[in-house]
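Student: Make a model of the complete structure from these sequences and hints.
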Amino acid sequence: MAKKGGSKQKKMNARVDFTPMVDMIMLLVTFFMLCTTLIKPQTMEISMPSDKNDLNEDNQSQIAASKAITILLDENNKIYYYTGKPDEAKLVETSYGKDGIRNALMHLNAAAQQQVQALKKEFETRRSSNPTVDAKNQEEYKKRLADIKNGKNTPNVIIKATDKATYKNLIDVLDEMQICSIGKYVIDNIADGDLAKIKDYKANPAQQ
Amino acid sequence: MGRFKIKKQDTFIDMTPMSDVMVLLLTFFMLTANFVKEEPVKVNTPGSVSEVKIPESNLLTIFVEKGGKVFMTMDSPEAMTKLGKQMNTNGELNLNDQQMQSFAEVPTFGTPINVVSQWLSLDNSERNKYLTSGVNEGIPCDSTNNELTVWVKAARTACGENMRIAIKADKETPYKVIKRVMDSLRSIDENRYNLITALKTAED
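For the record, the sequence lines run as chains C and F.
First residue of the first sequence: 0, per numbering that gives the first Met the number 0; consecutive thereafter.
First residue of the second sequence: 0, per numbering that gives the first Met the number 0; consecutive thereafter.
Think of the hints as simulated: they come from the structure by calculation, not from any bench.
As the structure is a prediction and not an experimental result, all values here were calculated from the model.
Among the hints, erroneous ones may be present.
[To be verified] In silico DSBU-like pairs for lysine-lysine, Cα to Cα no more than 35 Å straight-line: (1) C:198 - F:152; (2) F:178 - F:65; (3) F:199 - C:183; (4) F:199 - C:163; (5) F:199 - C:201; (6) C:163 - F:128; (7) C:198 - F:65; (8) F:68 - F:7.
[Said to hold, decoys possible] From the derived model, a few chain C residues whose C-beta atoms are all more than 12 Å from chain F: (9) 72; (10) 82; (11) 93; (12) 121; (13) 122; (14) 140; (15) 157; (16) 183; (17) 188; (18) 203.
From the three backbone atoms N, C-alpha and C, an ideal C-beta is built for every residue, glycine too.
Tutor: Right under this line is the structure:
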């Protein structure tokens with residue numbers, strides 16, 4: 000700016016530097032990203048039977064021994080199951096996951112499983128973009144699913160865990176109930192007979 | 000002298016659009032923020048295929064730690080205040096206003112009832128230490144001294160029928176402990192509750 004006679008106004012730069020602001024906002028965004036939980040944890044809803052004895056005969060569903068499957072959870076991620084009455088049934092050792100217990104349950108619940116697959120397919124084709132129709136479909140789907148799950152020929156599963164089984168084992172088995180579309184299951188306290196069965200099995204696996 | 004004059008490059012980058020976007024993002028995160036609650040112990044939940052989301056509000060969470068210690072929390076300070084007041088009314092606790100204030104603000108609690116007021120008088124940083132070290136940790140819930148039922152009952156009266164109970168337990172927790180918690184809930188006729196799990200697909 001050479002001085003040439005009269006005063007010349009300095010040209011102001013109207014641009015504001017936003018870089019510090021962006022820096023700061025970036026920091027804030029990072030902070031909020033790290034401190035928030037966007038994903039809500041999943042949950043599993045269960046209803047346990049009441050221990051009140053005032054249930055009348057109609058409410059009490061007696062489990063037919065022939066349709067009952069008992070799953071026993073033991074320490075060290077061991078899992079056993081037997082079908083039918085406890086005194087005569089044979090204990091079978093299996094494993095968690097799709098090759099073990101799921102296979103067995105799928106096999107026992109094949110009819111219901113097929114129906115559920117068919118139902119899923121049917122509703123897959125009926126899916127629409129209209130939210131009200133979709134909600135209606137969902138409701139119908141849920142209702143029919145419940146019907147199948149509680150159908151006459153579906154197995155009843157009794158889950159019993161020993162004290163040393165872990166919470167993960169229990170959740171895994173409850174998961175299998177959902178995967179295999181089993182509607183009727185109950186978590187029960189382990190009986191002495193079941194403990195004895197496990198003991199026998201451990202002592203002499205070949206004989207079983 | 001040449002015909003071409005090198006244009007002077009402006010190194011100044013316009014940051015305005017960037018800051019616009021940033022502010023938007025910031026607003027989004029601020030509005031959707033629900034802060035991670037401080038938990039006294041690390042709880043690793045097992046995975047499950049269930050896709051039911053946890054209810055938004057009115058939730059009582061029971062933490063079960065690997066070693067079998069039980070802690071509890073409500074989802075909001077208002078609910079905590081309600082619970083504290085109910086416990087006062089029941090005569091289980093005798094908190095003054097200041098202690099009630101601290102009780103509303105603690106993220107999790109879990110001490111035997113007789114030391115709660117002593118615990119609340121501690122400093123913020125001391126409180127967590129108190130929860131995880133020493134003999135006074137966890138809510139007792141064995142058959143002789145079951146304070147868990149006292150707390151849950153008070154919460155049920157304070158927060159009404161719509162309150163949900165969720166159990167958040169570590170995957171290594173022995174079934175014995177879980178059974179104790181479930182039996183406690185059963186004994187006070189709380190038969191519907193949620194088990195908190197992480198997401199997993201059926202294949203793994």
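Student: A separate judgement is required for each hint: does it hold in the structure or not?
Tutor: Hint-by-hint comparison with the structure:
{"no.": "1", "hint": "C:198 - F:152", "in the structure": "violated, 40 Å"}
{"no.": "2", "hint": "F:178 - F:65", "in the structure": "holds, 14 Å"}
{"no.": "3", "hint": "F:199 - C:183", "in the structure": "holds, 23 Å"}
{"no.": "4", "hint": "F:199 - C:163", "in the structure": "holds, 24 Å"}
{"no.": "5", "hint": "F:199 - C:201", "in the structure": "holds, 32 Å"}
{"no.": "6", "hint": "C:163 - F:128", "in the structure": "holds, 29 Å"}
{"no.": "7", "hint": "C:198 - F:65", "in the structure": "holds, 26 Å"}
{"no.": "8", "hint": "F:68 - F:7", "in the structure": "violated, 70 Å"}
{"no.": "9", "hint": "72", "in the structure": "violated, 7 Å"}
{"no.": "10", "hint": "82", "in the structure": "holds, 23 Å"}
{"no.": "11", "hint": "93", "in the structure": "holds, 17 Å"}
{"no.": "12", "hint": "121", "in the structure": "holds, 20 Å"}
{"no.": "13", "hint": "122", "in the structure": "holds, 16 Å"}
{"no.": "14", "hint": "140", "in the structure": "holds, 14 Å"}
{"no.": "15", "hint": "157", "in the structure": "holds, 15 Å"}
{"no.": "16", "hint": "183", "in the structure": "holds, 16 Å"}
{"no.": "17", "hint": "188", "in the structure": "violated, 8 Å"}
{"no.": "18", "hint": "203", "in the structure": "holds, 25 Å"}
Of the hints listed earlier, those the structure fails to meet are numbers 1, 8, 9, 17, in rising order.
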